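If you want the building blocks of each chain, they are given just below.
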Amino acid sequence: MRRIKKEAIEKKLKELAKDYRIFAPMNGDVKETGGEFEECFPRLSGKCAFLPPEEEILRYKDGKVEETPEDKPIILFGIRPCDARAISLIELAMRDEKFPDVYFLRKKEKGIIISIACKEPGDTCFCTSFGHGPFSTQGSDALLVEKDDYYLVLGNEKFFKLFGEGEEAREEDKEYFEEAKKRAEEKIEKIPVDNLGEKLLSRIEDPVWEKISRKCLNCGACTFLCPTCYCFDIQDLERSWGVSRRRYWDSCMFSIYTKEASGHNPRPTHRERVRNRIMHKFSYYPYLYGEFGCTGCGRCVVYCPVNFDIREVLKILGGSG
Amino acid sequence: MKNPYLPVIVKVKRAYFESDDRSLKTIDVEKPEGFSFLPGQFCEISIFGRGEAPFGIASAPSEDFLRFTINKAGYVTTAIHWLEEGDEIGIRGPLGNYYPVELFERKNVLIVSGGFAFTTLRSLLLYLLEERERYKNIILIYGARRPDLLLYREELFELEKREDLEIHLTVDTEFPGWTRHVGFVPQVLERVNPPAEDTYLVMCGPPAMIKFTLPVIEKLGFPPERVFTSLERRMKCGIGKCGRCNIGPYYVCRDGPVFSLDKLRTLPREY
Amino acid sequence: MKKVIAFLCNWCSYAGADLAGVSRFQYPPITRTIRVPCSGRVNPLYLFKALYEGADAVWVSGCHPGDCHYQTGNYYARRRFAIFNALMEYVGFEKGRVFFSWISASEGKKFAETVKHIKEEVEKLPPRQKFLREND
Amino acid sequence: MIERIREEARKAFEEGKIEILIGFGRGTLRATPIFIEKKEDVDKLIWDDTCWINLATYLRRFRGKKTGIVAKGCDARSVVALIAEKQLKREDVYIIGVPCQGMKNEKGEEFLSCRYCEYPTPPVYDVLVGEKREGKKENYPDVSEFESMPPEKRWEFFSEEAKKCIRCYACREACPMCYCEECFVDSLDPRWLEPGLSLSSLQFWHLVRAYHQAGRCSDCGACERACPMDVKILYLTRKLNKEVRELFGFVTGLDPEALPPLGTYSTEDKEEFIL
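Protein chains in written order, with the numbering used here: chain L, 1 to 321; chain Y, 1 to 271; chain G, 1 to 136; chain E, 1 to 275.
What the hints contain is simulated information worked out from the structure, not anything from laboratory work.
Just so you know, these numbers come straight off a predicted model, no measurement behind them.
Don't take every hint at face value.
Said to hold, decoys possible - Below, in silico cross-link-like pairs of lysine-lysine (PhoX-like), each with a Cα-Cα straight-line distance of 20 Å or less: (1) L/K211 - E/K65; (2) Y/K31 - L/K259; (3) L/K64 - Y/K31; (4) L/K61 - Y/K11; (5) Y/K2 - L/K98; (6) E/K38 - G/K130; (7) L/K110 - Y/K2; (8) L/K14 - Y/K2; (9) L/K31 - E/K163; (10) L/K211 - E/K164; (11) G/K130 - E/K153; (12) E/K65 - L/K315; (13) E/K44 - L/K31; (14) E/K153 - G/K95; (15) E/K163 - L/K211; (16) L/K161 - L/K18; (17) G/K130 - E/K163; (18) Y/K72 - L/K64; (19) E/K44 - L/K211.
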């Protein structure tokens, strides 16, 4: 563990804005900044940096296809550990030997993710249920813990090379870290997730889905704010110079998401759509990649207009509620 | 890293309507260099400015063009219907899996199809006929509402003459000059009564046909692990990333479109 | 040259434009006419869309009240456009980019005058900046 | 109040007036919509000042069933508007009207639409729970204030608000009147506006969403509250409510027989804007 002066990191971040695109929480959401950031739990998550809401994937110009050129590398700074982990979860789906998602991966490979430990978790956090926590380093190149005018840093070489090494952390720093970590973790509700994937799979035709999903409005708020949801739509836009093919965030909660040209919709009602969202995160994801597709950040709980609480759903379906 | 989103630009070599009502159009396009595939795979076709949509490859792997037959249904397919010889389109592929042709060796193969779902089955049929001696009996049962809606019918009429192949073509109702079967595919299948033993069955058709054919298949004694079908879903990326075509943990674009019946039965009925 | 998308009803205003032509009334070539069966057929979405796609102004013209070929189409239209106007003005969209008129088949003169008036109004304004679809 | 709602609900089940009841239950953060199918469950019903979702949104899902709804003033007006638009049959809906005390956000502040609410008591109901409450005389002070700003400032405000939108369509889905089979934003052919978050596209969405509410909005404010990005949108619909009232003398949701104002006309309608 190292300790680096806060202002040193803040100053460095502004300097790096020259060669990097800096994404950080600002006015409550993760967005591109000139190196400024705000200490908060952002509403729009860290995925905005690596999977932006709108992104050009190619151009068709003068009868030729052009790949969208790479931009400057990204520094994602000041997000919570849950968001950092979320990006590594998205990476599981994007990394694919046969069909790698180049636009995500090339950003991710050159990018640097720096998270700030979550000393005051919210009431809707349930991150510790998924094998990580408010002080977790998974998915981060560095984890910063605020202490007075210092950051205590658990980081890798990539981080120290850019931001300097600071000094060796003192014994009291380590104690502070452990204590803060313990205190934060204790505040967080744990939801039992043992064998959740199998339990869900065995209840796929259960009538309880109808009950659970009834109040869902099928808006995309949960999926757009979710740090691990990565579904997208691809559309062509006509421009004066040709065609821009872009991808946009899309949501499995929308009825048109799966609606076919013939009018047939394999997931016709809220029941199938909610089921798919839950199953994808807690059954299909573990089946495919060995990890749950949720980090327990609680955004979908907080921002759902009808208070659809995924924690309750997991308790019902996981058999403990 | 190879960018799987980039289409290759190819020229349309031929474009013509299949059916009298102009609802089905076939386009034969240049085959890009090094493009190799197996029957059952599909391509994403780009009409720049309109978008991309997935279509099964109807040409045989050995043919020097790629064939697609497209039903006019939505935004992209309408634009495909405007295509003429010489136009440029983008294609990405081959994508998805293929009919398990390795399993078919030294077995009987029964192909059951209806309507314009026949596309990839033409590819399969021609593929099997190329090395005919590797398979035992090959039977095709194919039906459509009207004779003109039977895809590639002139070619099929030619193939009917072959001794080493059994073809049953059918239309829903009597038509002047039509001398082959009359009736729905499941009825014809029952009438033909092919032996299930040692036989693999490949089935593609509209939902109604599938629904009424399944009980017949069961009655004839085909075990679900030897029945294969190709699914359709709305797709965008075609490579298992954009999310919309999953059925359970499988993406139709990546892990399909060909599924065995026994595998499908383990999945939620979202197709 | 400014472009004005004109939605002209088939029975009155379009015929009025015709009459302006055969009567050789001069008017500036700024309109791109879309012939519609009735002003009541003009979905306000068309107006939003035309402005979004870059029209300098939009103009809807139909039969005089009481003269609608379909009896009442223009009365419905009048309500819709009143709301459209109110909304656009409310959000601060420039005035002078949306026009409505009643022009009958016999008012060739009025047609030409109206086009001239619209041209004058539109030319007073700076180039369009608000509510434009991205094109670069 | 809660007891009386439960009592009426129980009675409605017992008398066979309803097969299903849409009401509010205890959620984890605030009141949440619940769907009650048997009278034993009516004790799950609650009422407090977080019941701000407009429950009329769910009614169309139960068409053909005798459906009860616990409705505050604005919810009931939406039900009436849906009936007026032939989306529901009056006899299929059983309205348990609740005179509304005003809804509050998590900080305890009353919502804008409640502050100016003219009809806290449902104008149409089958049974009313509690004492009628008088509304305020609606004169849209917020709209007038906005109108008095210079046009450039208004455009700036509109743009800044629109920019926050992420197009999750929570506003649309939370609105009982947004029931179109295919929303204009989802239409590909014609594609009215582009996908994505360019300013003009977002403005397009907000303008047309608001426009489509003219004469149909009951000013419940559920759209704005549903928005995860805190985009202000009520000032648009409230303006249209004001216009519809001034131009056509129409107030939404008072009379199920009345034609929606854009579905009818008067030969006397003002037309000073016409050349």
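### Query
What hint numbers does the structure not satisfy?
Violated hints (numbers, rising): 2, 6, 8, 10, 12, 13, 15, 18; every other hint is consistent with the structure.
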